[in-house]
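Asks: What follows is the residue order along each chain.
2 protein chains.
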Amino acid sequence: MQPSTHRQERGPFCCVVHEVGLRDGLQMEKQIVPTGQKIAWAEGLMAAGLDILQLGSFVHPDKVPQMADTDLLFNHFKKPGRKPERVILSGLVLNEKGLERGEACGVEMYCLGVSASDTHSRKNTGMSSAEATERIVSTAQTALAAGKRVQVSVQSAFGCGFEGPVPQDRVLGIIGRYLDAGLRNISLADTAGHGHPVQVRRMLEAVFKLDAALECSCHFHNTYGLGLANCYAAMEAGVGTFESSLAGLGGCPFTRVAAGNVCTEDFVHFLQRAGQRQDIDLAGLIALAKEFAAFFDREMPGLVHKSGSPAKTG
Amino acid sequence: MQPSTHRQERGPFCCVVHEVGLRDGLQMEKQIVPTGQKIAWAEGLMAAGLDILQLGSFVHPDKVPQMADTDLLFNHFKKPGRKPERVILSGLVLNEKGLERGEACGVEMYCLGVSASDTHSRKNTGMSSAEATERIVSTAQTALAAGKRVQVSVQSAFGCGFEGPVPQDRVLGIIGRYLDAGLRNISLADTAGHGHPVQVRRMLEAVFKLDAALECSCHFHNTYGLGLANCYAAMEAGVGTFESSLAGLGGCPFTRVAAGNVCTEDFVHFLQRAGQRQDIDLAGLIALAKEFAAFFDREMPGLVHKSGSPAKTG
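Line by line, the protein sequences are chains H and L. Heads up: the first sequence is residues 284 to 597, going by my numbering. Heads up: the second sequence is residues 284 to 597, going by my numbering.
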């Protein structure tokens with residue numbers, strides 16, 4: 284049994300935050316961020332109390348040069364004393380080759396995914412969704428057998444920038460395949476930002492009918508302003524882990540219309556207003572978001588770092 | 284019995300959109316918008332199929348010069364053939380004097396409100412919340428007796444920029460007073476944008492316990508990114524009418540921290556994705572939002588007019 288990241292460990296209604304800005308955010312940026320800067324940001328994100336930190340993606344550096352130093356980053360943080368014990372470092376892997384790289388540099392949690400849209404899947408991997416699923420299941424099982432945390436995702440789970448609507452049954456079919464293969468830590472990603480809360484709730488009710496005890500994570504983009512509404516709908520349906528990007532960085536370079544991820548500090552602000560996660564240093568996150576804006580020299584999508592953090596209202 | 288604006292008339296789960304940008308939006312702008320421009324925008328908003336349009340506020344022109352032409356606007360649209368029959372024109376009134384002005388120029392629906400925060404109430408009206416409530420109830424009853432639609436609101440219902448948390452019981456107390464006075468069309472306004480969806484749902488469940496059949500409207504601001512999440516929570520609780528501003532204009536000049544209203548076209552996009560309000564011309568709203576951005580020569584908060592409207596996914 285792999286170690287759990289489930290919110291049950293942290294008490295009921297207590298959400299886990301998986302920061303993906305250093306991967307999903309930076310891979311969208313034209314500018315290559317120096318490794319030392321990434322390390323400093325990762326330290327800031329860990330110090331602020333986030334739970335899981337995605338350091339990068341084991342993709343070919345020619346394809347996504349922004350991720351070329353992923354192995355370096357993991358090697359840096361695997362040295363003793365360089366990260367708090369409670370923080371889990373995750374990395375995205377696309378195939379067996381990526382898994383080998385990850386095993387060599389100390390990845391603690393592997394994230395692997397398949398697009399529910401054939402068009403998106405072919406653009407991303409050259410394979411149909413069904414072919415990619417079998418490949419990912421096989422890679423994920425290898426990682427699981429090595430005793431690592433493994434999260435398998437369904438990308439474009441709520442709509443596709445190329446195909447438009449994605450049938451719910453196609454998403455449930457992939458999840459069913461994951462569950463059959465013993466992969467019980469599932470993430471649903473709204474890669475293009477098409478999801479809306481009514482749909483999210485309907486989808487997740489169907490997902491939890493497949494297995495009421497599965498660990499479910501959600502990854503939303505705020506393309507049409509519905510990112511936090513979708514998080515709330517998912518929370519109401521029982522989702523315990525959310526993937527977000529500081530300052531709202533992010534997107535997907537292989538999908539047509541995409542905007543930033545749900546913004547981490549906006550999501551944490553919401554959690555804290557709702558009485559959760561008072562252990563996270565929101566002021567620290569806001570300071571980091573301002574650093575991001577200064578570094579990239581543009582206005583970032585997040586709102587809380589611009590509006591200022593108000594007194595907590597519970 | 285006053286004419287109803289309730290969604291029941293439009294079928295279940297079908298939200299009514301009350302556009303308040305020409306009032307709540309423009310009163311925040313330094314620039315005075317010419318009356319002819321306001322008329323053109325109002326025509327565009329009505330043509331796009333919005334339900335209720337707030338043309339302005341009957342406040343003293345020295346206090347809010349942006350609203351000085353409110354009477355002119357109502358007089359313009361009361362001439363036959365100048366607006367679609369189905370559109371309701373609303374105006375904000377603060378007192379009996381405003382009501383007299385409104386009666387002279389053909390207001391169809393009066394909006395009156397009281398802040399649940401004493402500090403906000405005193406800054407806005409010079410009166411405590413309790414004193415202001417009695418004055419508003421009296422004015423609203425006069426309007427009701429004249430056979431007009433009347434909506435009474437509780438401002439700062441989810442928190443105050445000055446006082447911070449606002450006890451739920453204070454909000455329920457004001458609503459109870461409205462109901463006792465025969466005022467059954469209630470709006471809850473999150474003036475400072477402090478509301479979060481868990482709180483919104485809890486509040487509205489308590490409100491509908493006071494009277495399951497009251498007409499309830501919500502007015503959210505997107506200060507911390509939770510505007511649409513709050514709309515969704517309110518819809519789930521049974522709210523049928525939402526106040527929003529095209530392009531996300533708006534705020535409140537008498538509260539400390541405020542950002543734009545929920546953005547109309549982002550809200551309509553959400554409704555249409557959820558299968559509602561296909562009768563509203565989203566492309567028309569997007570074109571108008573771009574006009575707003577060009578007129579004010581700055582980026583507007585709304586996202587859909589920047590991301591582009593995707594194919595509908597239902």
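Derived by calculation from the structure, the hints in this document are not laboratory data. Each hint should be verified, as a subset may be incorrect.
Just so you know, same-sequence chains aren't split out, so a pair can sit in one copy or run between any two.
[Claimed, not checked] With a straight-line cut-off of 25 Å between C-alpha atoms, the simulated SDA-like cross-links for lysine to any residue are: (1) LYS406 <-> ALA566; (2) LYS380 <-> PHE579; (3) LYS406 <-> PHE579; (4) LYS589 <-> GLU312; (5) LYS361 <-> ALA542; (6) LYS313 <-> GLY591; (7) LYS346 <-> ALA520; (8) LYS346 <-> GLU386; (9) LYS362 <-> ARG581; (10) LYS492 <-> ASN358; (11) LYS406 <-> GLY591; (12) LYS589 <-> ALA542; (13) LYS589 <-> ALA413; (14) LYS321 <-> GLY364; (15) LYS313 <-> LYS589; (16) LYS361 <-> ARG484; (17) LYS589 <-> PHE445; (18) LYS589 <-> PRO363; (19) LYS589 <-> GLU446; (20) LYS406 <-> GLU488; (21) LYS589 <-> ASN358; (22) LYS313 <-> PRO363; (23) LYS492 <-> ALA520.
Asks: Confirm or reject each hint.
Replies: Checked hints:
1. For the identical chains of this complex, LYS406 and ALA566 are neighbours neither inside a copy (40 Å) nor across copies (29 Å), given an alpha-carbon limit of 25 Å.
2. In this homomeric assembly, LYS380 and PHE579 never come within 25 Å of each other (Cα to Cα): the closest approach is 32 Å inside a single copy and 52 Å across copies.
3. Proximity of LYS406 to PHE579 under the C-alpha cut-off of 25 Å is found in neither arrangement, the shortest distances being 28 Å within a copy and 40 Å between copies.
4. Taking the closest pair of Cα atoms, LYS589 and GLU312 come within 25 Å of each other both inside a single copy (21 Å) and across two copies (19 Å).
5. With identical chains, the CA atoms of LYS361 and ALA542 are never at most 25 Å apart, being 32 Å at best within one copy and 43 Å at best between copies.
6. In the homo-oligomer, the alpha carbons of LYS313 and GLY591 lie at most 25 Å apart only across protomers (22 Å), although the nearest pairing inside one protomer, at 28 Å, exceeds that limit.
7. Taking CA atoms no more than 25 Å apart as the test, LYS346 paired with ALA520 passes in neither setting, with 37 Å inside one copy and 47 Å between copies.
8. When the C-alpha separation of LYS346 and GLU386 is checked against a cutoff of 25 Å, the pair qualifies only within one copy, where the shortest distance is 21 Å, while the shortest distance between copies is 67 Å.
9. When the C-alpha separation of LYS362 and ARG581 is checked against a cutoff of 25 Å, the pair qualifies neither within a copy, at 34 Å, nor between copies, at 48 Å.
10. In the homo-oligomer, the alpha carbons of LYS492 and ASN358 never lie at most 25 Å apart, since the shortest distance is 40 Å inside one protomer and 58 Å across protomers.
11. Taking the closest pair of Cα atoms, LYS406 and GLY591 come within 25 Å of each other only across two copies (22 Å); inside a single copy the shortest separation is 40 Å, beyond that limit.
12. Taking identical chains as interchangeable, the C-alpha atoms of LYS589 and ALA542 lie at most 25 Å apart whether they share a chain (18 Å) or sit on different chains (10 Å).
13. Neither within a single protomer nor between protomers do LYS589 and ALA413 lie at most 25 Å apart by alpha-carbon distance, with minima of 43 Å and 34 Å respectively.
14. Proximity of LYS321 to GLY364 under the C-alpha cut-off of 25 Å is restricted to the intra-copy arrangement: shortest distance 18 Å within a copy versus 62 Å between copies.
15. In the homo-oligomer, the alpha carbons of LYS313 and LYS589 lie at most 25 Å apart both inside one protomer (24 Å) and across protomers (20 Å), since each shortest distance falls under that limit.
16. Taking the shortest alpha-carbon separations for LYS361 and ARG484, neither the intra-copy value of 38 Å nor the inter-copy value of 44 Å comes in at or below 25 Å.
17. For the identical chains of this complex, LYS589 and PHE445 are inter-copy neighbours only, at 18 Å across copies versus 33 Å inside a copy, given an alpha-carbon limit of 25 Å.
18. Proximity of LYS589 to PRO363 under the C-alpha cut-off of 25 Å is found in neither arrangement, the shortest distances being 36 Å within a copy and 46 Å between copies.
19. Proximity of LYS589 and GLU446 under a CA criterion of 25 Å is satisfied inter-copy only: 21 Å between copies versus 35 Å inside one chain copy.
20. Neither within a single protomer nor between protomers do LYS406 and GLU488 lie at most 25 Å apart by alpha-carbon distance, with minima of 30 Å and 47 Å respectively.
21. In this assembly of identical chains, LYS589 and ASN358 lie within 25 Å of each other by CA distance neither inside one copy nor across copies; the values are 35 Å within and 40 Å between.
22. When the C-alpha separation of LYS313 and PRO363 is checked against a cutoff of 25 Å, the pair qualifies neither within a copy, at 33 Å, nor between copies, at 56 Å.
23. In this homomeric assembly, LYS492 and ALA520 come within 25 Å of each other (Cα to Cα) both inside a single copy, at 11 Å, and across copies, at 24 Å.
Consistency note: the structure conflicts with the earlier hints numbered 1, 2, 3, 5, 7, 9, 10, 13, 16, 18, 20, 21 and 22.
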